Every structure is written in structure tokens, then in C-alpha cells.
Amino acid sequence: MVLVFGCFAWWPILRSLVLSVQYTNLVDPPTWVGLDNFSNLLADPLLWTTVRNTVWFVLLALVFGFPLPILLSVVMSELRRFSGLFRVLVYLPVAIPPVVAVLMWKWFYDPDFGMFNQVLGVFGLGPFPWLQDTATAMPSLVLEATWAASGSTVLIYLAALTSVPGELYEAAEIDGASIWRRVWHVTLPQLRGVLLIMLLLQIIGTFRVFTEPFVLTDGGPEDSTVTILLLIYRYAFINGDYGTAAALGVLLALALGVISAVYLRLTRKWSRT
Amino acid sequence: MSDDRGRGIVSDIDRRRPWVRRPLRLIQGILLLATLLVGLGPILWTAKGALSPTQDLLRDPLRLWPSSVEWGNLSTAWTDLRVGHYLLNTVVLVGGSWFVQLFVAAAGAFALSVLRPRFGRLVYGAVLATLFVPGSVSLVALYLTVLDLSLVNSPWAVWLPAGAHAFNVLIMKQFFDALPRELYQAAQVDGAGPIRLFWQIVMPMSRPILAVVSLLAVMEGWKDFLWPMVAISDADAQPLAVALPRLAETAEQNTVIAGMLVAIIPPLVLFLVFQRHIVRGISFTGLKG
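Protein sequence lines correspond, in order, to chains A and B. So the first sequence is numbered by the working numbering: it starts at 1 and just counts up by one. So the second sequence is numbered by the working numbering: it starts at 1001 and just counts up by one.
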């Protein structure tokens, strides 16, 4: 175990740090370049577009993808019939390999033959350009990603909902709390711990989005969907500039670390009160 | 789930009131339709597309039933696009990753939890620390490491890094920690060495956790895309997930969709058969993660 972790977990992490201050193209021996990789990176105008795109993706994914599983799981936990069937149906998209899911959605989004424009066309709407327009490309990716990821989150919330003690609802009901108030004042506060963790995990996960922009749009149109991981991939495996790619990886890790630390500090205060 | 805990948000008295009962019924109906459409719809679309002539997809995309059912698409995909070959690659990669993950996690957790060597805590800390470094960050360095070990294009390039999975070690160790220590001591008094202890005492008792880790490992391995694409550049050795986007650009579309269907079926069957365990595994790992 130590060997496997040593070779494929600890060593690559250390090596990322080393690589980020080297120039390596695999042909010549690596040379030390100090912080040149970082300054090249910061001078690349594409970096700022990428950061903006990624933050935009994360925010949209939160707006779409965070409340939806909560709503679904609370409703599903109250339905008495078909609860097993619902759980299977909700999880189905998660069981589909992401690449296949993305290829499917590429069809659905097709402006001429796609399902979405065809259905909307029946109601006299559209046709919409979906992935071909800089304004709609990113929301389209988010829609696919939300569809693909919500199922497992719903199952986690459903499990958490079973641990909410029934007496609390009983007490709330006797005090005359309506169903909405019970959801708001009992269910959500009881789930607070899970919700906070899932929110952080979702932020970290969406910052590392790759498959969707890579297969659906390849960063286009006009670089409007290039994300950080896609940029790392391009630096390393298309330009062969491994040092700069590693530098960007280190920056991403630092950014995520800072976000997590700040988030945990803020929410620790909040969850105490 | 509401059955498990006796009562939920909506009480039995509420359910008898018409202004609660009717909307609840309505919500149930809408939810059923929506989840059927959103969950099952895309899979049925793939199945339909896989059996249709390409013309259908272009002329009449909303068609519910193919104009002529063409089973031949599947065999064309299997032989001409070599979907069968790529599927075999996937199976080999996933199988190996599963074995390595299980072995590393079980042996590592056993050593840390039962044998407790010196520096054990330090090692465990270092293992857990990797949880906080997102895997994609060290992607480039991992690639260069694999390159140095000249594992590129060999299945080991996927198998071994899969083993460095801190989360598996974590849940295995927690499971082993919860087993009664008297048991180990009794076995040691009876003269069982560490290897016997591992195979004959700990492993048979760990079946539930081994099942959870296995299922998650297989599902995860089947979904993997970025790393196999980077680590296995030889088109002939690629798994199906990596080969499909490449094929989609050149091949006849209905055969590509047939290939997609082939890629969906195994994880889908696995999920439907083991859904109880998977649901349990997800809720368990999700809460801990």
C-alpha cells in the first residue's frame, strides 16, 4: 500500500510542485526556470477567460444543482407509493457513463435535429443555438451536468432524512406548524450538516469540470467554455508544456484549499448559532 | 423511506385532509412523469437510435418507434467499429482496477488497524492528506511518473493509480476498527500469524464492506474518462468510453449510438441488480466524505 501510494499519490503531488518551477518538454532535460511558468501563465489572456468561465460554471451549477436535489429528496421522502421506483429512476442518469451521457446530450442539443429544438418547435419556440452561441453554451453544459449528478445527491439526502427524528415533526405539528413551516424549521435545520458538506463538495467538484466542455464544445464557441482543467490538458498534452500545466494545477489546488478553509471557518460559526 | 421512521413531515391526519391529499397525489403524478422522462427517456432514446436507420434521426427526430427495426446496427457496431474489442479493453481495465483497489485498501487497512506498526499513524495521516488534494491537480505529474516507469499504454497505468484511493482505505479501516479486538488476540494466542489472521478471520467478516467498495470501484472505473485517455494513447488499447467520442466524429451515427447503448448496458444491469447495496454505499460514503 505504501508503495502504491508513494508512487501514484504522494510522489505526483510533490512532483507537481517541482514541475511547476521547471521547464520540461520531455525531449530536453528539464531546466529550472523559477517562477517563469507562473508569470507566463498569468500573462496568458486565456487564463482569465478560463477562470471567469469556470467560476461562471460553478455558480450556475450551484443555482441549478444545489436546490434541486433537496426539493426532490424532501418530496420523495413524503410519497408513500413507488418510493423504490423513484429512487431507481432518479439514479439512472448517474449510472450512465459520463462520456455516453455527454454524447447523448450533443444530439439533444443539435440545433437542427436535436430533441430540444424539435419539442420547443412544437410550441412555436426557438430554434435555439444551445452549444453554438457564447451566451447559451455554458448554461447548456450546466444543464447536462446537473442532470448527470443530481441522482446521487438525492440518495444521500434521502438517507439523511431518515435520521430526522419523527418526534420533532410531532411536536411541531402539535404546536400548529403548517407543512411548509415544518419543512423550513425542522427538516432543513436538521439536514444542515449534510447540506453544508454537500455544498462544499459540489463547489470543489464543479471547479474540476472536464468531460462536458471537452466532448460537447471543446472549449468553444470563441473560448466561452474553456475551463481550468481543459486548459491544463491543453498546456500539457497539446502544447507539451508540462511545467506550465503543473503550475496551473498547483494554483487550482491552492485556490480550492483557500475556498475550503474559508468556507469551513464561515460555516463553523454559522452552524454553532 | 417514510416507512422506516414511522412518520415524516406530513402526518396521517394531514393526509386525510383533501387540501393536502389532492396536491400530494398531483405531485406524485407529476414527479412520476418527470422522472420517467428524465431518467428513463434518454436511455430509451439511445435504444431507439441504436435500432433505427440514420435517416430517422435526421428526418424525424421525435419519432417514437423506428421506421424499420435494424438489429444489424448492433452487429455493425460490434465488428466494424470494434465496439466489442473496446468493451473488452474496458472490462480488463475495470477488472484490474477493482482488484488492485480492493487489495491495497484491504491489506493497507488491515496493517493500519490490526497490526498497528510504528509510524502507522503517520502513514495513515499521509494517506488521508491525499483526500484533500484533488486528483486532477497532480494529473500532469502522475502522467510523467507513469511515463518514467514506462507504463504508458499498459493497463498497469490505469490499475496502479486506481489503487491509490485514500477513501477506500478510510472506510475499510473504520470497518476493521469496529471489529472486536479480542478476536484478533484470541487468534494470535492460537498461533495464527498475520497472514492467516487476514485471510481466515478478517476477510470473511468483511464481506459487506468489500461488496460496497467493489461496487463503487467498478462503477467509478466504468465512468473514468480523462485518465485512461491520457494514460493510454494507443487507440487499440483504449476503453470504450475513450474510443466513443473519437468514433462519433467519423462513423455512421446510428452505429455510434449502438456503441453507446453497449457502453450503457453493463453499468445499468449492475446498478439494477445491486441497487440496494449501491444505494447503501452511496449514502454511507456520501455522509462520510
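For the record, the hints were derived by calculation from the structure and aren't laboratory data. In this text, all values refer to a predicted model and were calculated from it rather than measured experimentally. Fair warning: there could be bad hints in the mix.
Claimed, not checked - Keeping only pairs whose Cα atoms sit at most 30 Å apart, straight-line, the calculated DSS-like set for lysine-lysine is:
#1 A/K106 to B/K1048
#2 A/K106 to B/K1223
#3 B/K1223 to B/K1048
Unchecked claim - Here's a subset of chain B near chain A, in silico, CB distances under 8 Å, partners left out:
#4 L1026
#5 I1027
#6 G1029
#7 G1095
#8 S1138
#9 F1225
Stated by the list, open to error - With beta-carbon atoms standing in for the labels, derived distance ranges:
#10 B/L1088 to A/R181: 53 to 59 Å
#11 B/A1211 to A/I259: 32 to 38 Å
#12 B/A1034 to A/N239: 40 to 46 Å
#13 A/W184 to B/E1220: 33 to 39 Å
#14 A/W184 to B/P1117: 35 to 41 Å
#15 B/P1018 to A/L254: 56 to 62 Å
#16 B/A1211 to A/D112: 25 to 31 Å
#17 A/W180 to B/D1080: 56 to 62 Å
#18 A/S178 to B/V1092: 56 to 62 Å
#19 B/T1250 to A/L62: 53 to 59 Å
#20 B/V1038 to A/Q132: 36 to 42 Å
In this text, a Cβ means the ideal position worked out from N, Cα and C, and glycines have one as well.
Which hint numbers does the structure go against, in order from smallest to largest?
4, 6, 7, 14, 16, 19 and 20
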